[in-house]
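Visitor: Spelled out from the first residue to the last, the chains are:
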Amino acid sequence: MSESSRKRSSFLPSLLAVLAGVVYMVFFLAGESQMVIFGLLLGAGLVVTAFKYLRVLDVVGESAKDNQRAFSIAVVMGVLAVSLYFYDDPFVLFLVGTVLVYVLTCLGLNIQFGFVGVLNFAGASFFGVGCYTAAVLTKNTAVPHLVIIFLGGLMAALLGFLILIPVLKTRGHYAALVTIAFALLFKTFLEVNDTLGGPQGLKCGALNLFGWDFNRDIVIGSFEGCFYLGYIAVILLLLILGFIMARRMEDSWVGLNMDAVRLDETVSACFGQSIPRWKITAFTIGNFYCGVAGAFYAMMLGYIAPTNFTFGDSLILLSIVILGGLGSMWGTVVATIIVILIPEKFQVLQEYRFLLFSALVIAILLFRPQGLLPRPLRSYITLKSSSNR
Amino acid sequence: MDIGLIAQHTVNGLMLGLIYSLVAVGFTLFFGVLNVIKFSHGDMLTWGVFTAFSVYLGLALVGLTSPSFTLVVVALIAMAAIGFLGAVIAKVLIIPLKGAPPLNTLLITLMLGTVLRESIRLFYPDGANPKHFPALLPDWSHSWGHFTLRFDNTAMLIVGILMIILVQIIIKRTKLGMAIRAVSQDEETARIMGINFNMVVYVTFAIGSGLAAFAGVIYGLYYNELSFNMGLLLGAIGFSAAAVGGFGNIYGAIVGGFLFALLQTVGAAALPFASAYKDVFAFGVVIVLIAIKPTGLLGEKETERV
Amino acid sequence: MKLNRSISFILGLFLMLASGPVMAKDTVEVAFIGPLTGGVSAIGVGGRNSADLAVKLRNADPKAKYHYELMVLDDECKPNAGVQVATKAAANKKIIAAVAQYCSVVALASVDVYHKFGLPVVVWGAVHPDITYGNKYKEIHRINGTMINQNEIAAKFITGLGYKTWVNLYDTTDYGKGMNEYFSKYLTENGGKILGSFGVTSDQQDFTAELTQAKKLNPDVIWFGGLTPLGVRIRLQMEKLGLTSQFQSCSGIISDAFITGSGDLAEGTIAFREGEPVENLPGGIWFLKEYNKVGYKEAPDAFGPFAFAAMNLILDVIEEVGPNRKAVVKRMENIKGYEAIVGSVTFDEHGQNTSPAITKYVVQDGKWVPWKNSEYASGKRKLKRR
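These protein sequences, in sequence, are chains A, B and C. Be aware that the first sequence starts at 1, since it is given in this note's numbering, and climbs by one per residue. Be aware that the second sequence starts at 1, since it is given in this note's numbering, and climbs by one per residue. Be aware that the third sequence starts at 1, since it is given in this note's numbering, and climbs by one per residue.
These are calculated hints, taken from the structure and not from any lab test. Keep in mind that the hints are not guaranteed to be accurate.
Computed cross-link-like contacts, DSS-like style, restricted to lysine-lysine with a CA-CA straight-line distance of at most 27 Å [unchecked claim]:
1) C:K136 - A:K203
2) A:K139 - C:K138
3) A:K139 - C:K88
4) C:K193 - C:K382
5) C:K330 - C:K384
6) C:K63 - C:K88
7) A:K169 - B:K172
8) A:K139 - C:K63
Produce the entire structure from the sequences given, and follow the hints as far as they go.
Guide: Right, dumping it as C-alpha cells:
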C-alpha cells in the first residue's frame, strides 16, 4: 500500500462533527434541570460508543487530520457561535471563558509532560504566579494590559526555571518532589505575605485594551451582549496563538528532540543531546503558557485568593492532560471540556470532583494509557495534494 | 534563650522527627524493593488514624473505655488493617505496573493518594471537619522552669524508637529481612535463589503501611486531632526525608526524618512568622541538599540501567 | 328548578375561574450562600436551615403573593469558591435577592460581584466592618453587628475582671487581622498590656513555636482572633505546653464544634458575640419552636436566627415591591424599625444594621452560657489566674 498516494479525505465528516458538537453544546449549556443534563450525558456517551463501533469516528478523525486548517477554523467558528448564542447569559459565558483558559494552561502542561516528559505538579501554582503578577501590576502600575499578560507568562517561566535548576541532573522523581514541594508551599507562602494580599487575596483590574474597558457590556446598535464576550474573544485569540506555536514546535526539530528525550534519556544522551537543556526549555515554555493563562484569568475573574491554587487543583490539571492523551493537543481540548464543564452542570458531581477524576486517571493509566484522543504517530508522508501537516 | 525553652523545642522536634522517620522508612522500603515511590503513603497514615479512631468509637459503644487497653487494641487493629490494605494495593496496582514507565507509577500512586484522601472526606461521617482524637495516655507532667515534661510525650517517643529498632531487627536479623534485602539488591537473582518475589513485596508493603498507621496513631495522640488531609504534607515530608537520607537505606530514612524535624524546629525558633516559613525553610534546605548530593546523605542503592 | 341549577353551575364555574389566578402563584427564586463544608460548616448549615425555615413558613402562608424557591450555594469559607458561587447567583437573572455569608473573608471578596450584577444581599453573619463601610454599594446590607462593637465591649469587660497582660494570637485572614486590630486598640485604651502578638495561618496545625514563646512571656490571658478549628488546636496545645493562662476569644469560636473539639479544656473559655442569646430575642422562643417542628437534623447554631431574620426581611420586601432586583434594592434603602426576631432592624446609609447588643459568653459544663447567667459571674466558680 503506497501511503504517499492516499487521497486527501473530504472535509465534510469533520465539519458535520463540529456542527453536531456545537448543537450539543448549546443544549448542554442551556440545560437547567439535572435530569436533562444527565440525559444529555448518557446520550452523548451512547452515541460516541456507537460511532466508535460503526467506525464513524475513524472517518471523522481522518478527515480532521487531513484538513487541519479547515478543521481548526471550523472549531473556532463553533466556539464563537456557541458564545454568541448565549450572548446575554453571563454565567454560561463565564464557563466558556474558564474552559478556554484551562485549555491554554493544559497545553502548557502538555508541552512539559507530553513532549519532554517532565512532570509538573505545580501547574496551578504557576498559573497563580501569572494571576498575582497581573493583580499586582494592574493595581499598582500603569503598564499596558497586553504587556501584563506577557509579563505574567514571563514570571511563571522564570520561577519555573529557578526551581528546576537544582534538580536538573537528578532523576525524574526529584523533579517531581521539587514541584510538589512548590505546589504545597506556594499557598502557604502567599497566605503569610501581606504585600500579596495574604489569605484575603487580591482584587484584579479588568482587562483594558486600547482604551476599551472589558468590564462594560458590549452595546453595538441594538445588540446588548454580556461583557464576557470580549474576554472570550481575547482568550480565543491567545489560545489560537498558543496552539499554533505548540503545533509548529511539535512538527519541527524541536519537537523531535523533545520526543527523543522523553522516550529514552540514556539513548538521547548517547546521541549528543543535552537532556537538561531540553527539559528546561520545555518546562519554561510550558510555564509561560500557564502564566499567560493565569494573568488573563485574574483579569477576567477580577479577584484571586491563595485557595485557588492548591495542590489538588494542580492534580486536576494533570488529570486533564492524561485524560486527553499525552502530547495530544485536541485531546487536551476535549478533556478540559469534560473535566471542567460536566461537574459545573451536573451538580451532583461537584462534590466528588477530585475523587472522580483521580480514579479516572488511575483507570486510564491502567487500561488505556494513551488517553481519549491518543497522539498520532509522527508521520513524514505528505499527501498527494500537498497540504501543510 | 534559657535551657528550659531549648529543651522544650528539642522535645517537640524529637516527636516530629519520630513521625517523619516512620513515614520515611516506609518510602525507603518501597523504593528499595520495587523501585517505586508510593506517594499515597501519607494517606495511608490518615487511613490508619481514622481506623484507630473508628475502632475507638466502636469500643466506646460497646462499653470498653479503659484508656491503656483501648490504646493498645486500637493501635494494633489499625496497624494490621492498614498493613493489609498496603498489601492489597501492592497486589492490585503496583505489581501489575512493574514494567510501566516509572512516571506512570508515580502518577498512579499520587492519584491513589487523592482517592484515599477524598474517600475519607466524602464518605466518613462529617469527614471534612477535623476530629478530636481522644487522649488515651495519662497526662500527668512535671515542670522544671519553662520546661514541661509530659508523660505521654515521653512514652510515645520511647515506643516509637522501639518500633524503629524492631523494624531494624526484622530487616537485619530475620530471614524475612534477608529476603527483603535480597530483592532490593537484585530482583532476578533473588528469584533464582528461590525467594517468592510477590510474597516479599506484599510483606514489605504491609510492614511499611503498618508503620504508617502507627505513625498516624502517634500523630493523633500528640496533636489530639485528625483530619482528612493530614497525610498530604506528611507524605511529602516523608518522601523528602527519605530522599535526603538516600533511597533504599533505612538508616538514611531515619536520619532524614530527624533532620527535617530539626530544620523545621530551627526555622520555627529562628524565623519571624515562625510557623508559616518553617516548612518553606526546611524544604528549601532539603532541596539544596539533594542538589548537592543527589544520591542522598547516606548513599542510595544504584539502579541506573544502561 | 333547571334554571336555578344552571345559574348556580355557571356561578360556580365563574367563581372557580376567578380564584384560578390566585391559586397559580408565580415562583420567585432567592438564594442562600454560606459555608456548608469546611471548619465552620456547622454554622453554615444552621444558617441554611434557618433560611430554609423562613422560606417554608412563607410558602405555607396563604396570604403570600408568591411561591418561593431557595437556591442553596456553598462558599466553603474560601474566597475563590465564594466569588464563584456569588457569580453564579448574581449572574442568574432569576434570583432576586440573597442571604449571604458568614465568613468575612468571603464576603469581602464577593461584594464586588454582587454590585457588578446588581443583586441585593443581606449579610447574616460576617462581622468585618469593611463589608458595609468599605464601599458605597447600595446592594449590600448586613443584619448583624460588626466586630468594632464586639471588641470594644470585650476589652472593657475583660480588663474589668482584673486581668493585666495579654498575648494575642490571630489568624492572618482579614477576619483575624481585623479582630486583632480592634481588640488591641480597645484593650490598650482600657489599660491592658499586650506582651506579644503572633499571626498564624488559617490552617496551621502546630502552634508550639508561638505558644512556647508565649509561655516565656507568661501572660494572664491568651486571646485568639479567628475561627473554631484553630481555637480548638490552640486550646489543646496550650494545655500540652503547660500554659496556665486564661483563654479568651471572639465570635468565631462560639459554636458547638469548639466544645466537642476541646472537651473538658473548653471549660471557662470566654468569648463575645453580637446579638442576644436566642432565648432572650424577641422572637427567639418562637423561632426555636418552629425550627424544632420541622425537625432539621442540625442545630440552628449561633447565627441561625440572623439568617432567618435576613431571609424574612428579603421575603417581606419582595412581597411589597415585587420580584425585581432594582425595586428591592431601592426599598432596602429605607428599612427603619423593621421588627425581626433578632430585634429592631434599621439600616444606616451603608446598609449596616445598627444593633448594639453584644453578649458575653463563658463555657460552663460543656455549653456556651451567657456570662450573667453563669456561676462564674456569681462567684461560685473561678476563672484562671483570678
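Visitor: For a quick check of understanding: which of the numbered hints are violated here, in increasing order?
Guide: The structure breaks hints 5, 6, 7, 8; every other hint is satisfied.
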